[in-house]
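For the sequence shown, this note's numbering gives the first residue as 19, with consecutive numbering after it.
Label pairs and their calculated CB-CB ranges:
#: 1; residue 1: 98; residue 2: 144; range: 18 to 24 Å
#: 2; residue 1: 44; residue 2: 19; range: 37 to 43 Å
#: 3; residue 1: 130; residue 2: 20; range: 21 to 27 Å
#: 4; residue 1: 33; residue 2: 119; range: 29 to 35 Å
#: 5; residue 1: 35; residue 2: 104; range: 24 to 30 Å
#: 6; residue 1: 42; residue 2: 63; range: 14 to 20 Å
Think of the hints as simulated: they come from the structure by calculation, not from any bench. Where is the CB? At the ideal position from N, CA and C, for every residue including glycine.
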Amino acid sequence: MTVLGLGVDIVETARLAAAIARHGEPCLDRVFLESERSYCAQAGVPERCYAARFAAKEAVAKAFATGIGAQLGWRDIEIIRQPSGEPTVLLHGTGAETAAHLGIRAVRLSLSHSEHYAVASAIALGD
Numbered sequence: 019m020t021v022l023g024l025g026v027d028i029v030e031t032a033r034l035a036a037a038i039a040r041h042g043e044p045c046l047d048r049v050f051l052e053s054e055r056s057y058c059a060q061a062g063v064p065e066r067c068y069a070a071r072f073a074a075k076e077a078v079a080k081a082f083a084t085g086i087g088a089q090l091g092w093r094d095i096e097i098i099r100q101p102s103g104e105p106t107v108l109l110h111g112t113g114a115e116t117a118a119h120l121g122i123r124a125v126r127l128s129l130s131h132s133e134h135y136a137v138a139s140a141i142a143l144g145d
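Could you build the full structure based on these sequences and the hints that come with them?
Here it is in structure tokens:
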């Protein structure tokens, strides 16, 4: 496989936590799928989990070189955790169509977070 795109993003956890506190459920619903919300709700510090997934979605959008918008929406990108702990990207709807159009067959993802920041990198792969 060939690297078709690379993206990285960093999120300040407190800033995302403040946005969630200000806008509540509509904010979470706009960005995260139910599976992501369930996973983060069970985390010791949910805002760190949300920050890592937000950074991951931004990193994927940068790897696609589309940004978040008509070709790739927040909820088109789902971040799941494999039993091994590996974070994985699942694409839905327009996101899956955009990936196919761009020749992207797989996205590799790495996440990390500390008390104050979350960072993600994404590599878009294709033939």
